[in-house]
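These protein sequence lines are chains A and B, in that order. Per our numbering, the very first residue in the first sequence carries number 51; after that it's consecutive. Per our numbering, the very first residue in the second sequence carries number 51; after that it's consecutive.
Simulated from the structure, these hints should not be mistaken for laboratory data. Check each hint, because a few of them may be wrong.
Since the list can't tell identical chains apart, any single copy or any two copies may satisfy a pair.
Claimed, not checked - In silico EDC-like links for lysine to aspartate or glutamate, alpha-carbon gap of 16 Å or less: (1) Lys208 x Asp234; (2) Lys133 x Glu70; (3) Lys208 x Asp358; (4) Lys111 x Glu317; (5) Lys180 x Glu274; (6) Lys180 x Glu331; (7) Lys488 x Glu354; (8) Lys180 x Asp358; (9) Lys133 x Asp345; (10) Lys133 x Glu539; (11) Lys280 x Asp112; (12) Lys610 x Glu522.
There are 2 protein chains.
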Amino acid sequence: MINEISGRELKSASLAQLNEYCNELRNEIIETVSKCGGHLSSNLGAVELTVALHRVFDFPKDKLIFDVGHQCYTHKLLSGRAKVFHTLRKRGGLSGFPKHSESEYDCYDTGHAGTSISAAIGFAKARDLKGEDYSVIALVGDGSFNNGLIYEALNSIKILDSRILIILNDNGMSISPTVGGMHDILGKIKEAPTGAEVFEHFGLTYRGVVNGNDLGALLPALEEAKELLKRGSVLLHVVTKKGQGYPFSECAPLLTHGVSPSAPKREYCSALGEELCALAETHPGIVAVTAAMTDNLGLRPFFEKFPDRAFDVGICEEHASVLCASLAAGGMKPYYAIYSTFLERAFDEIIHDICAQNLPVTLCIDRAGVSGADGETHQGVFDLSYLSFIPNLTVAIPKDIGEFRSMLRLSADCPSPLAIRYPREGTEGEISDIEIGKFEVLHSTLSDIVLLAAGERCLNIAWEVRERALREGFDVGIVNARFLRPLDEELLRSLPHRYVFTIEDNALIGGLGDGVTRFYRRVGSSKQVKCFGYEDRFLPHGEPRELMELFGLSAEAIYKEVRAAHEGR
Amino acid sequence: MINEISGRELKSASLAQLNEYCNELRNEIIETVSKCGGHLSSNLGAVELTVALHRVFDFPKDKLIFDVGHQCYTHKLLSGRAKVFHTLRKRGGLSGFPKHSESEYDCYDTGHAGTSISAAIGFAKARDLKGEDYSVIALVGDGSFNNGLIYEALNSIKILDSRILIILNDNGMSISPTVGGMHDILGKIKEAPTGAEVFEHFGLTYRGVVNGNDLGALLPALEEAKELLKRGSVLLHVVTKKGQGYPFSECAPLLTHGVSPSAPKREYCSALGEELCALAETHPGIVAVTAAMTDNLGLRPFFEKFPDRAFDVGICEEHASVLCASLAAGGMKPYYAIYSTFLERAFDEIIHDICAQNLPVTLCIDRAGVSGADGETHQGVFDLSYLSFIPNLTVAIPKDIGEFRSMLRLSADCPSPLAIRYPREGTEGEISDIEIGKFEVLHSTLSDIVLLAAGERCLNIAWEVRERALREGFDVGIVNARFLRPLDEELLRSLPHRYVFTIEDNALIGGLGDGVTRFYRRVGSSKQVKCFGYEDRFLPHGEPRELMELFGLSAEAIYKEVRAAHEGR
Chain A
51 MINEISGREL KSASLAQLNE YCNELRNEII ETVSKCGGHL SSNLGAVELT VALHRVFDFP
111 KDKLIFDVGH QCYTHKLLSG RAKVFHTLRK RGGLSGFPKH SESEYDCYDT GHAGTSISAA
171 IGFAKARDLK GEDYSVIALV GDGSFNNGLI YEALNSIKIL DSRILIILND NGMSISPTVG
231 GMHDILGKIK EAPTGAEVFE HFGLTYRGVV NGNDLGALLP ALEEAKELLK RGSVLLHVVT
291 KKGQGYPFSE CAPLLTHGVS PSAPKREYCS ALGEELCALA ETHPGIVAVT AAMTDNLGLR
351 PFFEKFPDRA FDVGICEEHA SVLCASLAAG GMKPYYAIYS TFLERAFDEI IHDICAQNLP
411 VTLCIDRAGV SGADGETHQG VFDLSYLSFI PNLTVAIPKD IGEFRSMLRL SADCPSPLAI
471 RYPREGTEGE ISDIEIGKFE VLHSTLSDIV LLAAGERCLN IAWEVRERAL REGFDVGIVN
531 ARFLRPLDEE LLRSLPHRYV FTIEDNALIG GLGDGVTRFY RRVGSSKQVK CFGYEDRFLP
591 HGEPRELMEL FGLSAEAIYK EVRAAHEGR
Chain B
51 MINEISGREL KSASLAQLNE YCNELRNEII ETVSKCGGHL SSNLGAVELT VALHRVFDFP
111 KDKLIFDVGH QCYTHKLLSG RAKVFHTLRK RGGLSGFPKH SESEYDCYDT GHAGTSISAA
171 IGFAKARDLK GEDYSVIALV GDGSFNNGLI YEALNSIKIL DSRILIILND NGMSISPTVG
231 GMHDILGKIK EAPTGAEVFE HFGLTYRGVV NGNDLGALLP ALEEAKELLK RGSVLLHVVT
291 KKGQGYPFSE CAPLLTHGVS PSAPKREYCS ALGEELCALA ETHPGIVAVT AAMTDNLGLR
351 PFFEKFPDRA FDVGICEEHA SVLCASLAAG GMKPYYAIYS TFLERAFDEI IHDICAQNLP
411 VTLCIDRAGV SGADGETHQG VFDLSYLSFI PNLTVAIPKD IGEFRSMLRL SADCPSPLAI
471 RYPREGTEGE ISDIEIGKFE VLHSTLSDIV LLAAGERCLN IAWEVRERAL REGFDVGIVN
531 ARFLRPLDEE LLRSLPHRYV FTIEDNALIG GLGDGVTRFY RRVGSSKQVK CFGYEDRFLP
591 HGEPRELMEL FGLSAEAIYK EVRAAHEGR
């Protein structure tokens, strides 16, 4: 374990000592991430920058806001959390992202891209209104600089007359390589900093380009920025090397962006890439869109095979949605692959552009349900809720990777918007013919009880509940509730069971359970419906299985209710 | 009524004839808007520009996409809809926004700001992939140019290698005067067009500044742009005068942005301004935030009285949310006033920034429920659904303006996120003490039936239903269901009635009815719950009352069910 260093030591250390300390930090991060998983290359790139910030500024009095937040490991190690750093991303341990509940050094929680400059402005205004005196710093990567929220914030710096320091950590990568017009501007500036005039229009004094892996250059640059900050807002342009100091990571920053502690099982995203490639052969209208997540979503094969029909627009979830809508309006068949939690950013566009116009866009929603070690800001437990009420939209939940493939094949000729949501990992399965809005009875029984489960994880729980029931001498039916919209009303109507249990890997409010309950209410049924999903709270980080059990989806707890129903209690 | 002009006539007319025709169009728009309501000044400003576009391009083969879409009246008059223009914004008549279902000349529906450039890129890509040949034009106001979605799209023009024509209609106004860094850039360019280099970085050939109310200047500029468009993307910077040709509108474009056909009743937004001003005297932490809607939301008095504590960030709904979250994290008490439909744009930030951090931001959600004449893209019928499942959030629905005032007073010391949703118009009412999560029994009765209604409109319906019941000799209870989150479980548990009816001015899926049903399901109650709200479809334009009756909230239809329940059927 790394030695805890005090703020005082950091402030008085020599440059050589600081460099030595950066090496120790780097080793600690590599060691911990190899055990706990996490973001490796972005953290390795930001070691010197974070050390320099802690040297020059006074945290937690001064406020440091990390955009996205995945590059905060050095900050955690420097703010009293070295002793518990080995608990990183484990249930009950340190979060992989800034968490105010964890330390006062984390003044603002992040996880999604683009919020840091807005947040810095808010702190700066609050400071000025309260007559306080501290510096506010937004540390933002060039990948986030494509995001609309960043632009909205930049645009309002003058309006709000706030003094903030923006550190642009330019490593030329978001998760995939950074792309776009702003990237070109930054490139030009790197060649000739006089081109930085555009930032002056936004009320920023520009300084750069500084080598962000060189403390000797960084420290004076930060000192100067701190001085400038007394008079107005500053943009300090720093270039760092993602994965600095770790040969494997330097060579392949993409592969080490997020590191899993163990080898993954079969992933849904691989099937997405395979199926889209196959379908695209016979469907010339098919195009694929991603917001800087080509690899994580399995789209690499499609991008290689159909480069003209594959679009990575950078971290721009909203633009990607409107692009899909208009591609569809123009006669194409777009597939928009995205993580469940990031799709929240495109909520308005799903309603306003895709569904209100009833355009045939397919949303491929990965990392749905609890997603695990990344915690609150990355759980995909709201999508069934926020998609449940959008007119014209079909919402499908495959029971395994085979059924996911079948749904993708079905989607190719679907004339209206379709969302398919799935977790990261799963098992293969059969290809089958699927009809929109039709559930599948997996186990039929004359007992009083039927379990309607959505998706592989929940069906696994359902089978486990049935095992327990069989051991105690009774049986339960199991239905694959593979569509949230439309529900299979015919099947719901015909179920002979008195007790209907729903199980979903989603918040309990607004999902499948509420839909089934609504149906039975509407038809005046006397069935008893019992619903299982997640509690009404934000779910912290931990192993998916662990989180499921803790927050609402434990086979044991569900079985208890099943048995009570069986006994007529 | 204006004479319908054919495309051929328009293409062969002399400049003098075109100018004469612009006068006729302008008169037609003024006359119709004065009868039907609608957007006056933005449409008057865009008459020449639209005529010139129709002269130079070939619609519907070429594609014209209006940002926001409220400036499309001339386009409608020029594309075969002059004869029905008098039906503008009336139920069953022409929409005030582009509607593909209305005309093939409207290739893409809009309503919210910032989508046009993304949409243009999508059409251009579809065109190229399909080997078609047409021009794609995005017509966007400078107000939208602050929006993050615009920036995301600009940023991807190079990536996507698309050829589009962006016409920047610069009138220096969004709804309130345009503000921000981009505004400054545009101002600099107007002084010296050489400053337009920033657009070149984004892959755009810049041309301008052209007087957009002068056909003599516009026509050659558009011809040139059309030529340039063969080789790449073009930004044509046009300056128009909002309200051009209508003295009253030219002087006061703000007042004529949206025009109502008759004088409004009492508005909730006035109470917001009054209460916030009063509260701010005793609560130094209170600040107000708006996204370019100061007047429409009633915030003008606050902006005048507390200029340092009032922030208009332009059409940046997301940035406004994060700004509120961080102002709260910095110790302030922010109020974010916004229309229900536009808050959809900030959905992710409500979850990720405000509620996940449990920050004491108050969302003042105006135009909730059906909002009427603006149609599909402006109805506020999803907010109860999309707020229902967000942890840490309280959601309140006042029964009248007095109760709204009471809730605002309550909010001032509320330590967690609070949303208050209300329609535009209402009646005053008493100030009272309100406890979070407590319903109010308005009429108690021993009958079998109780109506739980949320908000003034629905309570009015409930009283009307009771009137009908009384006339037929029975009574029903009435409860003011003023909190969606948390529900008043104690009251729900204690209701003696066998039939519980819920009435809400929101989509039926995911709102109050589902919440009440969920509660009774959870406690295993045998109550019969019947729910009334809007059907699962997008609601077109029309008078609010008319739409309510047509799509789910008719006192007559509800009474029918009430009587059936009373009769035990």
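Task: Numbered hints the structure breaks, given as an ascending list - done: Violated hints: 2, 4, 5, 7, 9 and 10; rest satisfied.
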